[in-house]
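The chain contents come next:
Number of protein chains: 2
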Amino acid sequence: MGLLLVNTIGFAAETNQVNEGKEIMKDNKISLGAEIKLMAPVWVIGSYDKAGKANMMTAAWVGICCSKPPCVSIALRKATYTYGNIMERKAFTVNIPSKNYVKEADYFGLVSGRDVDKLSATGLTPVKGEKVDAPYLKEFPVAVECKLINTVEVGLHTMFIGEIMDVKADKSMVGENNSLLPCMLLFNSTTRDYYGIGEQLGKAFSAGREIINKKK
Amino acid sequence: MGLLLVNTIGFAAETNQVNEGKEIMKDNKISLGAEIKLMAPVWVIGSYDKAGKANMMTAAWVGICCSKPPCVSIALRKATYTYGNIMERKAFTVNIPSKNYVKEADYFGLVSGRDVDKLSATGLTPVKGEKVDAPYLKEFPVAVECKLINTVEVGLHTMFIGEIMDVKADKSMVGENNSLLPCMLLFNSTTRDYYGIGEQLGKAFSAGREIINKKK
Numbered sequence: 059m060g061l062l063l064v065n066t067i068g069f070a071a072e073t074n075q076v077n078e079g080k081e082i083m084k085d086n087k088i089s090l091g092a093e094i095k096l097m098a099p100v101w102v103i104g105s106y107d108k109a110g111k112a113n114m115m116t117a118a119w120v121g122i123c124c125s126k127p128p129c130v131s132i133a134l135r136k137a138t139y140t141y142g143n144i145m146e147r148k149a150f151t152v153n154i155p156s157k158n159y160v161k162e163a164d165y166f167g168l169v170s171g172r173d174v175d176k177l178s179a180t181g182l183t184p185v186k187g188e189k190v191d192a193p194y195l196k197e198f199p200v201a202v203e204c205k206l207i208n209t210v211e212v213g214l215h216t217m218f219i220g221e222i223m224d225v226k227a228d229k230s231m232v233g234e235n236n237s238l239l240p241c242m243l244l245f246n247s248t249t250r251d252y253y254g255i256g257e258q259l260g261k262a263f264s265a266g267r268e269i270i271n272k273k274k
Numbered sequence: 059m060g061l062l063l064v065n066t067i068g069f070a071a072e073t074n075q076v077n078e079g080k081e082i083m084k085d086n087k088i089s090l091g092a093e094i095k096l097m098a099p100v101w102v103i104g105s106y107d108k109a110g111k112a113n114m115m116t117a118a119w120v121g122i123c124c125s126k127p128p129c130v131s132i133a134l135r136k137a138t139y140t141y142g143n144i145m146e147r148k149a150f151t152v153n154i155p156s157k158n159y160v161k162e163a164d165y166f167g168l169v170s171g172r173d174v175d176k177l178s179a180t181g182l183t184p185v186k187g188e189k190v191d192a193p194y195l196k197e198f199p200v201a202v203e204c205k206l207i208n209t210v211e212v213g214l215h216t217m218f219i220g221e222i223m224d225v226k227a228d229k230s231m232v233g234e235n236n237s238l239l240p241c242m243l244l245f246n247s248t249t250r251d252y253y254g255i256g257e258q259l260g261k262a263f264s265a266g267r268e269i270i271n272k273k274k
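Chains as they are written, first to last, in this note's numbering: chain A, 59 to 274; chain B, 59 to 274.
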């Protein structure tokens, strides 16, 4: 693949942005290097420590990873307090903040449960999990109880694979057929901003049928 | 944890929603069972088949999974065409659709590359990866080239862990310090809707400092 090293001044003049000495691909894309640039969900992970103190930490290197059984994966550094908690209790919860809890979600990622009682500091309420040995947050609209079923080492991080044992949601979040209304915070790691959910843009397993039909 | 089986008629009257016979927890949450209810990012995965035909498939059971080295994980069923492609080529790309490509992103998840040439059907352009043996999409604003470094079996799905070798983005997406402007589609699996990104809600590693300062 051919590259074109762009004249910095000419490029800056054209885009009004600072990308000095960056390579521009033939297809007009800029190569940004081997870095994480993608946006990610903001999940707050609940766990108990050895003494039974509830802790919450914020994680964004997370995702759903299986439909059957329903599983999620969360990647944590060994240095986190939550790492030891999950190793010990074999359980965690995933708590989804609404846009009313940006401050608390950020706080849970700023300090360690080793040093402070984050629940007490935020005034939020840990509820003992019904299915697993981990606490969920009363005030957040959605909570997922997970049983640890596997760990995978990936560089600096350990992925905890948790099987979903139950999803709990505020009544106001639950729609027809037990669907959930949109609820999520997003993390832009490159600008360090949180975002909410935007407009509905189309129906899944439906919008693309136009292309199938055109082909016929 | 105590449960309260709610009178269906009373509850339906109160919320105008159908949650017949569902249990309501003491903390006012509804238990929805062991199911995937969370929203997920929409990533389009690029790969080459044995014959060198470019293919794209849509995946939502995905996420970032390590900072160092930078890695992503995507979970696919063995039945997908992409599964065999990645096993063979040890590489894939992650392509992030803008809201202009909802139709195409949905289409890529509706049909199999075993049966059709999805690139030809959509008129989108595969570009040969620069760092790995997989194609990315010229028209989508962000592409990530990934080298397969591990696979993990989780129930029905196989997680492919890919090390990020490069991120490529349209010039118009790149801000100061090579940050990326917000770009993502979200998938609500319970209502089968796609959503865009909403408003900026706060600064990460900053919004929560208010709680730290209050404590002092």
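Keep in mind that the hints were calculated from the coordinates and are not lab data.
Each hint should be verified, as a subset may be incorrect.
Said to hold, decoys possible - Listed next, the in silico EDC-like pairs over lysine to aspartate or glutamate satisfying Cα-Cα at most 16 Å (straight line):
1. A:K186 <-> B:E211
2. A:K157 <-> B:D85
3. A:K126 <-> B:E211
4. A:K196 <-> B:D85
5. A:K161 <-> B:E268
6. B:K161 <-> A:E197
7. A:K161 <-> A:E197
8. B:K229 <-> A:E268
Unchecked claim - Covered stretches of chain B (chain A as the covering partner; in silico rule of three or more C-beta atoms under 8 Å from a C-beta of chain A):
9. 138-150
10. 212-222
Said to hold, decoys possible - Computed list of chain A residues with no C-beta within reach of chain B, every gap over 12 Å:
11. E146
12. K148
13. F245
Even glycine gets a Cβ: it sits at the ideal position worked out from N, Cα and C.
Hint by hint, here is what the structure shows:
1. Distance check on the hinted pair: K186 (chain A) and E211 (chain B) sit about 30 Å apart at the alpha-carbon level, beyond 16 Å; violated.
2. Pair hint K157 (chain A) plus D85 (chain B) does not hold up; C-alpha atoms about 20 Å apart against a cutoff of 16 Å.
3. A hinted pair counts as satisfied when its Cα atoms are at most 16 Å apart, and K126 (chain A) with E211 (chain B) qualifies at roughly 12 Å.
4. Proximity of K196 (chain A) to D85 (chain B) is assessed by CA-CA distance (about 7 Å); at most 16 Å being required, the pair is judged to hold.
5. A threshold of 16 Å between alpha carbons decides the hint, and for K161 (chain A) with E268 (chain B) the separation of about 8 Å falls inside it, so the pair holds.
6. Distance hint between K161 (chain B) and E197 (chain A) is unfulfilled; the C-alpha atoms sit about 36 Å from each other, more than 16 Å.
7. The straight-line distance between the Cα atoms of K161 (chain A) and E197 (chain A) is roughly 13 Å, inside the 16 Å bound, and the hint therefore holds.
8. The suggested pairing of K229 (chain B) with E268 (chain A) is violated, with an alpha-carbon distance near 30 Å, which exceeds 16 Å.
9. As drawn, the region 138-150 of chain B meets chain A at 0 residues by the rule of a beta-carbon pair under 8 Å; below three, the given contact is violated.
10. Coverage of a stretch by a chain is defined here by at least three residues with a beta carbon nearer than 8 Å to that chain's beta carbons; for the region 212-222 of chain B and chain A the count is 8, and the condition holds.
11. Annotated as non-interface, E146 (chain A) keeps its C-beta farther than 12 Å from every C-beta of chain B; the closest such distance is 21 Å.
12. At roughly 16 Å, the least C-beta separation between K148 (chain A) and chain B is larger than 12 Å, which holds for a residue marked as non-interface.
13. F245 (chain A), annotated as away from the interface, has a beta carbon of chain B within 12 Å; the closest lies near 6 Å.
In the structure shown, a violation is registered for the earlier hints numbered 1, 2, 6, 8, 9 and 13, in ascending order.
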